[in-house]
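*Asks:* Sequence:
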Amino acid sequence: MLRFSEFVSLGHPDKIADYIAQYLLDRYIERDPATRYAVEVQIKDSIVTLGGEVSSHHRFTDDEIAAFVRAAVNDIGYTAEYQQRWGAENTICGDSLAVNIHISQQSGDIAQGLTGWGDQGIFFGFCEYRPDTCGMPLDHTIAKRLCKGLFESGIGGLDIKTQVIMRDGKVEKVIVAIPLLDDTSKKTVRHFVRSRVKGRYKLIINGTGRYVAHSSIADCGTTGRKLAVDFYGGNCKIGGGSPWTKDASKADLTLNLVARRLAVNFAKQHKVDVVVSLACCIGKQEVDFIAQDTAGNILAQGEMKIDPQAVRRYFKLDTPIYASMCRWGLFGEFQQDKNWE
Numbered sequence: 073m074l075r076f077s078e079f080v081s082l083g084h085p086d087k088i089a090d091y092i093a094q095y096l097l098d099r100y101i102e103r104d105p106a107t108r109y110a111v112e113v114q115i116k117d118s119i120v121t122l123g124g125e126v127s128s129h130h131r132f133t134d135d136e137i138a139a140f141v142r143a144a145v146n147d148i149g150y151t152a153e154y155q156q157r158w159g160a161e162n163t164i165c166g167d168s169l170a171v172n173i174h175i176s177q178q179s180g181d182i183a184q185g186l187t188g189w190g191d192q193g194i195f196f197g198f199c200e201y202r203p204d205t206c207g208m209p210l211d212h213t214i215a216k217r218l219c220k221g222l223f224e225s226g227i228g229g230l231d232i233k234t235q236v237i238m239r240d241g242k243v244e245k246v247i248v249a250i251p252l253l254d255d256t257s258k259k260t261v262r263h264f265v266r267s268r269v270k271g272r273y274k275l276i277i278n279g280t281g282r283y284v285a286h287s288s289i290a291d292c293g294t295t296g297r298k299l300a301v302d303f304y305g306g307n308c309k310i311g312g313g314s315p316w317t318k319d320a321s322k323a324d325l326t327l328n329l330v331a332r333r334l335a336v337n338f339a340k341q342h343k344v345d346v347v348v349s350l351a352c353c354i355g356k357q358e359v360d361f362i363a364q365d366t367a368g369n370i371l372a373q374g375e376m377k378i379d380p381q382a383v384r385r386y387f388k389l390d391t392p393i394y395a396s397m398c399r400w401g402l403f404g405e406f407q408q409d410k411n412w413e
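Residue numbers (our numbering): 73 to 413.
Don't read these hints as lab results, they were simulated from the structure. C-beta: ideal position from N, C-alpha, C; glycine also. Keep in mind that the hints are not guaranteed to be accurate.
[As the list claims (entries may be wrong)] Here are the simulated lysine to aspartate or glutamate pairs, EDC-like style, with alpha carbons at most 16 angstroms apart:
#	residue 1	residue 2
1	K343	D324
2	K388	D98
3	K116	E153
4	K340	E413
5	K340	D204
6	K356	D191
7	K309	D291
[Said to hold, decoys possible] Estimated spans, in silico, between C-beta atoms of each pair:
#	residue 1	residue 2	range
8	S176	M376	30 to 38 angstroms
9	G123	T366	48 to 56 angstroms
10	S225	A351	25 to 33 angstroms
11	K245	A139	22 to 30 angstroms
12	K343	T391	42 to 50 angstroms
13	R385	C292	17 to 25 angstroms
14	P105	A290	32 to 40 angstroms
15	I362	H129	34 to 42 angstroms
16	I354	S225	43 to 51 angstroms
17	D409	A290	41 to 49 angstroms
Turn these sequences into a full structure, and let the hints guide you.
*Replies:* Encoded structure:
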């Protein structure tokens with residue numbers, strides 16, 4: 073059976089947008105843990121646009137918000153030094169970004185008015201019963217490990233995509249897109265990949281032959297467009313909306329984390345791969361659920377009460393952990409310090 077997944081680095085335009093949103097949320101959480109936040113981000117060329125709403129006891133000025141945006145992009149690695157090496161025609165620099173801000177801030181005294189979930193929605197969690205990947209699909213894990221390794225190696229640019237195709241548990245094809253300044257670097261990338269992904273497989277590096285212009289110079293980035301990357305690759309349905317741009321009062325973030333935690337628990341208990349499905353209603357704490365193995369056998373189903381505030385505290389979602397959630401996907405080996413894992 074074929075299985076496949078991809079992963080993208082923080083330097084990808086869509087992930088730049090995700091990271092800016094999460095980085096800014098951390099700054100609010102540091103000053104007011106009860107902040108309510110819903111801010112979308114788009115980046116094209118050297119222009120960043122923020123739009124949404126914030127309800128917080130702390131109010132940042134537009135100049136402060138713009139400074140946070142620039143700091144977030146520098147933190148990814150798009151610095152003045154990086155731009156000088158690649159050229160302004162090929163990449164961006166955090167320091168020189170123009171930031172357009174369209175955020176309405178409500179009073180922090182406005183209560184949420186709900187003791188249950190803030191919206192209706194459906195959510196899915198997945199866990200494989202395999203400790204070597206922390207319960208994540210192998211194809212997704214290999215793609216993520218390879219992307220992270222290339223990103224941190226400095227061999228090429230920061231805007232990297234990796235894709236892994238497996239057949240019956242063996243790697244059949246690996247595809248890598250990575251900015252390179254010269255053809256000789258491709259040999260270095262090839263050696264890097266072969267040294268980390270063993271076996272006989274087809275390897276494609278930069279399928280068009282040339283990849284130099286990257287980041288938001290080459291493509292427009294928008295929050296929430298890499299959800300399969302951030303969840304389970306091509307191995308599980310995705311429910312709800314984007315977990316990025318949201319605080320913990322939003323089911324799109326928190327119930328996706330709960331679904332993963334339940335899947336991990338059921339997988340350990342029954343020693344099988346598990347999919348958990350959740351459905352919630354606005355204003356209610358009662359959540360319908362079903363847990364089943366990947367063959368469709370039902371392990372448990374019914375209704376459970378899930379308190380949003382209790383989950384927020386247990387997962388420590390009132391602390392500035394949001395940018396770190398965004399770096400290498402929500403789940404798996406690089407999030408082992410999080411309680412949902």
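*Asks:* Now tell me if each hint is right for this structure.
*Replies:* These are the hints, each one checked on the structure:
1. K343 to D324: violated (28 angstroms)
2. K388 to D98: holds (12 angstroms)
3. K116 to E153: violated (20 angstroms)
4. K340 to E413: holds (12 angstroms)
5. K340 to D204: holds (14 angstroms)
6. K356 to D191: Satisfied, since the Cα-Cα distance of roughly 9 angstroms is no more than 16 angstroms.
7. K309 to D291: violated (27 angstroms)
8. S176 to M376: 30 to 38 angstroms: holds (35 angstroms)
9. G123 to T366: 48 to 56 angstroms: violated (39 angstroms)
10. S225 to A351: 25 to 33 angstroms: Check failed, 43 angstroms falls outside 25 to 33 angstroms.
11. K245 to A139: 22 to 30 angstroms: violated (43 angstroms)
12. K343 to T391: 42 to 50 angstroms: Given range 42 to 50 angstroms: violated, Cβ gap about 33 angstroms.
13. R385 to C292: 17 to 25 angstroms: Violated, since R385 and C292 (Cβ atoms, about 38 angstroms apart) do not stay within the stated range.
14. P105 to A290: 32 to 40 angstroms: holds (38 angstroms)
15. I362 to H129: 34 to 42 angstroms: holds (40 angstroms)
16. I354 to S225: 43 to 51 angstroms: holds (46 angstroms)
17. D409 to A290: 41 to 49 angstroms: violated (33 angstroms)
Against the hints set out earlier in the document, violations occur for numbers 1, 3, 7, 9, 10, 11, 12, 13 and 17.
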